[in-house]
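Build out the structure end to end from the sequences listed, making use of the hints.
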Amino acid sequence: MSDNGTFTPVIVGFLCNWCSYRAADLAGTSRMGYPATLRDIRIMCTGRLDPTFVLRALQKGADGVLIMGCHPGQCHYQEGNYKAIRRFALLRRTLRQLGIEDERVQLHWASAAEGVRFAETVARMTEQIKQLGPLDWPRNWPNEDPYAVEEAVHE
Amino acid sequence: MSNQKPKLALYWASSCGGCEIAVLGLHEKILDVAAAFEIVFWPCVMDFKYADVEAMEDGEIDVCFFNGAIRNDENAHLAHLLRQKSKVLVAFGSCAYGGSMPGLANFYTRDDVLRWVYFDSPSTDNPDGVVPQKRVDVPEGELRLPGFWDTVRTLAQVVPVDYFLPGCPPEVSSIEAAVNAIVSGELPPPGSVIGVDVTVCDECPREKHEKKIKRFYRPQEIIPDPNICLLEQGLFCAGIATRAGCGAKCPQVGFGCRGCYGPNEGVLDHGARILSGIASVLDADTEEEVEAILDTLPDPAGYFYRFHLPGSLLRRRGRTNGKRQPVGEAAVHEPA
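Here the protein sequences come in this chain order: A and B. For the first sequence, our numbering gives the first residue as 1, with consecutive numbering after it. For the second sequence, our numbering gives the first residue as 1, with consecutive numbering after it.
By construction, these hints were calculated from the structure, which means they are not laboratory data. Because the structure is a prediction, the values reported are computed rather than measured. In this text, a Cβ means the ideal position worked out from N, Cα and C, and glycines have one as well. Careful: at least some of the hints might be erroneous.
Covered stretches of chain B (in silico footprint by chain A; criterion: 3 or more residues with CB under 8 Å from a CB of chain A, positions within the stretch not fixed) [said to hold, decoys possible]:
#1 69–78
#2 144–157
#3 270–280
#4 283–291
#5 299–306
No farther apart than 16 Å at their CA atoms in a straight line, the calculated lysine to aspartate or glutamate pairs in the EDC-like style are these [unchecked claim]:
#6 B:K212 with A:E103
#7 A:K83 with B:D283
#8 A:K83 with B:E291
#9 A:K83 with B:D285
Here is the structure:
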């Protein structure tokens with residue numbers, strides 16, 4: 001996604017209903033400024049985050065994925081964010097092997113009172129991904145089939 | 001041979017030949033197949049030429065069992081040709097279905113593969129730096145080789161596929177079920193996987209309790225208890241997120257499921273599903289504890305995508321951060 005020649009990343013955000021989505025709300029109602037790069041999706045808990053969601057976002061054109069939830073020990077469902085810690089650590093190792101930089105998929109915590117922390121996290125991640133450049137994942141497999149009429153659709 | 005019998009074709013693209021062995025594993029039932037079908041193309045066991053297939057009418061073949069992934073121009077040529085000539089095209093086995101072993105090349109580039117095979121591997125002796133070329137002129141004329149792709153594809157990523165029959169190789173019972181379904185005409189909706197929709201755990205007789213593990217073991221490091229779930233004992237097992245149909249043969253002999261039957265219905269990414277299940281058994285609450293456990297699980301992506309990397313959402317390792325390499329004609333390998 002390029003704007004006047006400068007690259008503006010698209011970051012898909014998965015924000016938990018009880019803390020981070022409220023932090024985003026607080027950042028908005030408090031008129032805090034942060035880059036308009038985040039496409040936030042509310043999930044009930046980071047423990048609900050299937051790694052498939054992250055892969056799907058990257059495959060569909062996102063330059064990064066930001067997962068945010070309640071601080072450890074403060075999960076509305078007691079331990080959902082601990083499940084997220086385990087999945088995320090394993091996902092990060094897997095993504096490294098697939099050639100995706102750590103900065104592109106991040107896990108952070110923000111309570112409902114931490115609008116500033118939320119805005120700073122989005123701003124920092126936006127800068128990091130600007131440095132890395134576009135991900136543009138489907139570019140990794142251009143059509144090599146000399147017999148193809150058109151590119152086969154894979155779902 | 002009667003012309004009234006339905007016509008059957010079997011082909012191998014990028015595969016090991018195990019699927020062909022699996023068909024022969026039908027033993028005496030192979031005679032039933034021969035009785036029920038007229039075999040019109042099976043290069044592994046009978047002398048047919050590609051020209052024989054090209055000479056057929058479109059849709060003349062009733063059923064084609066196509067095994068192997070698509071990794072070069074020849075594979076693609078036969079995929080398109082057999083699609084055109086076949087009424088029902090079945091992706092037979094894990095390679096055609098998800099990419100399987102040949103698909104692991106998607107962790108590397110074409111240049112990586114050619115460099116390793118023709119220069120760097122310890123058993124290579126290639127003083128003249130000979131590498132395959134798509135065309136070479138010799139005194140006798142022009143010689144051609146199929147172009148070697150950078151990215152391995154599944155059959156369905158190249159042509160439309162009617163049915164999928166997973167397995168590495170498919171179990172005889174799975175093949176029988178597919179053959180019976182085709183003979184009787186009682187087929188599931190096109191695009192379906194022919195098989196059951198439970199996981200390997202459902203077929204595995206090992207005792208299962210709550211799983212909490214402090215470290216992983218590799219198979220050579222411990223002798224597992226014969227009666228308890230392997231994952232509970234710290235041995236990687238993909239059975240939690242892999243389609244059943246195999247009878248849980250591997251876990252029953254003490255070896256964790258590798259995932260060859262692929263994902264269950266509705267799962268977009270087999271690896272992500274296994275990842276999610278494996279992460280849930282880690283007995284750790286802090287990032288440091290989790291990382292310490294994961295240090296005992298080398299090559300997680302290799303475990304999760306062993307049979308389904310080309311068929312996964314991301315399909316291959318990326319080439320980002322200025323390290324993108326050219327693909328297509330521009331990447332024809334130069335001697336190092």
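Status of the hints after comparison with the structure:
1. Counting residues of the segment 69–78 of chain B whose CB lies closer than 8 Å to any CB of chain A gives 4, so the stated coverage by that chain holds, three being the minimum.
2. Under the rule that three or more residues need a Cβ within less than 8 Å of chain A, the assignment of the segment 144–157 of chain B holds, with 8 such residues.
3. Residues of the segment 270–280 of chain B with a Cβ under 8 Å from some Cβ of chain A number 8, which satisfies the need for three, so the listed coverage holds.
4. Coverage of the segment 283–291 of chain B by chain A holds [criterion: at least 3 residues with CB-CB distance below 8 Å; count 6].
5. With 5 residues having a beta carbon nearer than 8 Å to a beta carbon of chain A, the segment 299–306 of chain B meets the requirement of three or more and the stated coverage holds.
6. For the proposed pair B:K212 and A:E103, the alpha carbon gap of about 30 Å is over 16 Å, so the pair is violated.
7. Distance restraint check for A:K83 and B:D283: the Cα-Cα separation of roughly 10 Å lies within the 16 Å cut-off, and the hinted pair is therefore satisfied.
8. Only pairs whose Cα atoms come within 16 Å are accepted, and A:K83 paired with B:E291 is accepted, the gap being roughly 14 Å.
9. For the proposed pair A:K83 and B:D285, the alpha carbon gap of about 8 Å is at most 16 Å, so the pair holds.
Of the hints listed earlier, the one the structure fails to meet is number 6.
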